[in-house]
Amino acid sequence: MYIEMGLDMKRKYKIWILLPVLICLLLDSSIMVSAQQEGYTYNYDYWGDVQYYPDAYSVVGVYTAADLNIDTKLNNPCSVFVYEDLLYICDTGNNRIVELRRTSMTKFEMVRIIDSFTGNDAGTFSGPTDICISDDGYMYICDKGNNRIVKLDMELNYVMEFTKPTDATFDQALSFLPSRLVVDSVGRVYCIADNINKGLIKYEADGTFTGFLGASEVTYDWTDYIWKKLATEAQRAALESFVPTEYDNIYRDSEGFIFACTMNVSDEKLIDDITDISKPVRRLNLRGTDVLVSNGEWPVMGDIQWDTAGNYSGMSLITDITVLDNGIYFALDKVRGHIFAYDTQGNMLFAFGGSGNVDGYFRTPVSIEHMGYDLIVLDSLDSSFTLFTPTEYGTLTYTAIEQYNSGEYITSGDTWKSVLALNGNADQAYIGIGRSLLRQGEYKKAMEYFELKYDEENYSKAFKQYRKNLVEEHIIQIVLVVLVLIAIPLIVGKFKKVKHEIDTADIFRV
Amino acid sequence: MLTALRNKDTYNHYFKTLKYSLYVITHPLDGTWDLTHEKRGSLAAANTIVILTVFARILKLQFTSFLFLQVYWEGINIFLYIASVLFPLALWSIGNWALTTLFDGKGRLKQVYMATAYALTPYPLIQIPMCILSNVVTLEEGSFYAVAGVISVLWSAALILCATMQIHEYTMSKTVLFTIFSLFAMLVMIFILLIFFNMINQGVAYFVSMIKEIMFRM
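In order, the protein sequence lines correspond to chains A and B. Residue 100 in the working numbering sits at position 100 of the first sequence; the count goes up by one each step and never skips. Going from the second sequence to the working numbering is simple: count from 1 and add 1000.
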């Protein structure tokens, strides 16, 4: 009997279990999510806590030499460069540069391998570390092993070369080891050379050396100065030397400023008091002054907090930067393989990537470049490069920022609302909506958005206007209230005084 | 006690002593002298002022505009906030009284406590209106808020100094000296409390682990 009951119950329960499942399946089938969350994309909020975001970039593919039909494996590639739809990889260990063309969204085709050029006796490369193509179609290659920068035209004919400056300011005992370079619109060459800490070496278009650019100012506070005066020789040698830092990589943005990054930073002073000596990312103008705008809650330094275990400890060491045409720049961190996106004001937009063997993670990332909105990250230990493309979330973020920057405030607010629909954690979305409301004159609503995300300056702006409007609207009531507040005690006081005088007047005394 | 509560005079006396605190803050030396020697202050009013100070501190958290005070709500421990007023007050009263007793001070513990409590009056008096003010000013006008906050704390500190002077009948230089010594006395008390806490912790842990081991062996 019990078994029968049990079977009956089972059948009954089966229906009760299957029915809701069926209903859920039917309902769910209309809300299919197409993009899979692949990695961890995150950002830091106002308090410095990690908040996770939906992926802003997804991996299109990881390309090794085999995928690209190149005969030998890439050996210690140092740098990538993008020119229109061409991708150049400096295959340093194999003394050559590989030129690829992007034929479709996912495919790259090899165009040619550049390992020699005509028109010069020493027509081969020895450890080329960087390549740059100027706007007028000339190739500039850092030929580190041969101590020169070579300028070729697109048919690989030698045009000229830049060698060690013979100037007195350049220490002639040091050899000239150019490692990275950028070329500006008139053909001037700015290059980073190993062991030179005076800044970027600047050449004119005809090859003459015209000095150094952008050495960081050496600053130290008076306590260090006094200590240095009083210290003994041995102690002084052990002190950190107060010299400018060497740069590690440079990139020229669409406005002509040079973004430079350095890995020679110490994390002691960074978060609370970012001094000149410890800025990892700088934006140099043509006079060499750092004009990077850092108005975000946290300085432009990559990660703000990190674990203290093993290889992944320590602050982010920014090894390369690339800048999109809309001003958003990406910094590549060597320590944990993270890529940080910052907007023009220095607010972090999102961060993704990591260390590992999965697609989208790196072993030793050395270089980052952009092709349109897509990102290419070169992994030297893995001998491959990874191609990222923006997801719907990433595209919406860029659209919202670009719309606001071009003045379309209302549409920018709507785009930020769609960003918010995808990501409830996005601080910039709330602030973006608030700013668009501020421009439209809706101060009360703007204040609500700013208050949510602790944006003091914008809240103060909105509040000022709101208060002005409120007072102007209700000025009559306010004046009345103030008058009443002042007048009533006066009247009451007068009343009491008169009453007192009547009470104590002589004529009423019997 | 009920008869005392029903008697209207008790309430009159209470409000009079509460109003007297306003006299104290504007006449520091005269006010603190009369507080104890002329019996113009009362313990009930002193307790009220302490409660108001704690209240003002907590109100500040909730009602100050975020322009001036950004509160990490997940990390707030309200007991710590309340203790941040009561604990130093208790430590100071006991430390000051104990130290000055050794050095010819004329103050009793009740007097020291009452005077310190009355000296805290500027804090709630200024901070509570400042809470309201912070909601109607912008960032640029915020210097008023900051200055008022500093004034409230400094005023209270000056009043405590004057109170110490009048109660123990010291000269000014002796007052300053013994205030610094009282601060050291507070540190010593904190040190002893820490040691006590640690030892009791270890003692309890010893017995607990012994009982656990016995239970496991059963």
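In case anyone wonders, no lab produced these hints; they're calculated from the structure. For clarity, every value in this text was computed on a predicted model and none was experimentally measured. Using N, Cα and C, we set each Cβ at its ideal position, and we do this for glycine too. Please note that the accuracy of each hint is not assured.
In silico negatives: residues of chain B with every beta carbon more than 12 Å from chain A [what the hints assert, rightly or not]:
#: 1; residue: His1013
#: 2; residue: Pro1028
#: 3; residue: Trp1033
#: 4; residue: Asp1034
#: 5; residue: Gly1075
#: 6; residue: Pro1088
#: 7; residue: Val1136
#: 8; residue: Val1137
#: 9; residue: Glu1140
#: 10; residue: Leu1183
#: 11; residue: Met1189
#: 12; residue: Tyr1206
#: 13; residue: Lys1212
#: 14; residue: Arg1217
Calculated pairs, DSSO-like style, for lysine-lysine (alpha carbon to alpha carbon, straight line, at most 30 Å) [unchecked claim]:
#: 15; chain 1: B; residue 1: Lys1008; chain 2: A; residue 2: Lys499
#: 16; chain 1: B; residue 1: Lys1016; chain 2: A; residue 2: Lys499
#: 17; chain 1: A; residue 1: Lys494; chain 2: B; residue 2: Lys1019
#: 18; chain 1: A; residue 1: Lys464; chain 2: B; residue 2: Lys1110
#: 19; chain 1: B; residue 1: Lys1016; chain 2: A; residue 2: Lys496
#: 20; chain 1: A; residue 1: Lys417; chain 2: A; residue 2: Lys496
#: 21; chain 1: B; residue 1: Lys1016; chain 2: A; residue 2: Lys444
#: 22; chain 1: A; residue 1: Lys497; chain 2: A; residue 2: Lys464
Cβ-Cβ distance ranges computed for the label pairs, FRET-style [stated by the list, open to error]:
#: 23; chain 1: B; residue 1: Trp1073; chain 2: A; residue 2: Asn469; range: 22 to 32 Å
#: 24; chain 1: B; residue 1: Val1071; chain 2: A; residue 2: Glu473; range: 28 to 38 Å
#: 25; chain 1: A; residue 1: Ser254; chain 2: B; residue 2: Phe1079; range: 51 to 61 Å
Taking the numbered hints from earlier one at a time, note which ones the structure violates and give those numbers from smallest to largest.
5, 7, 8, 9, 18, 20, 21 and 22
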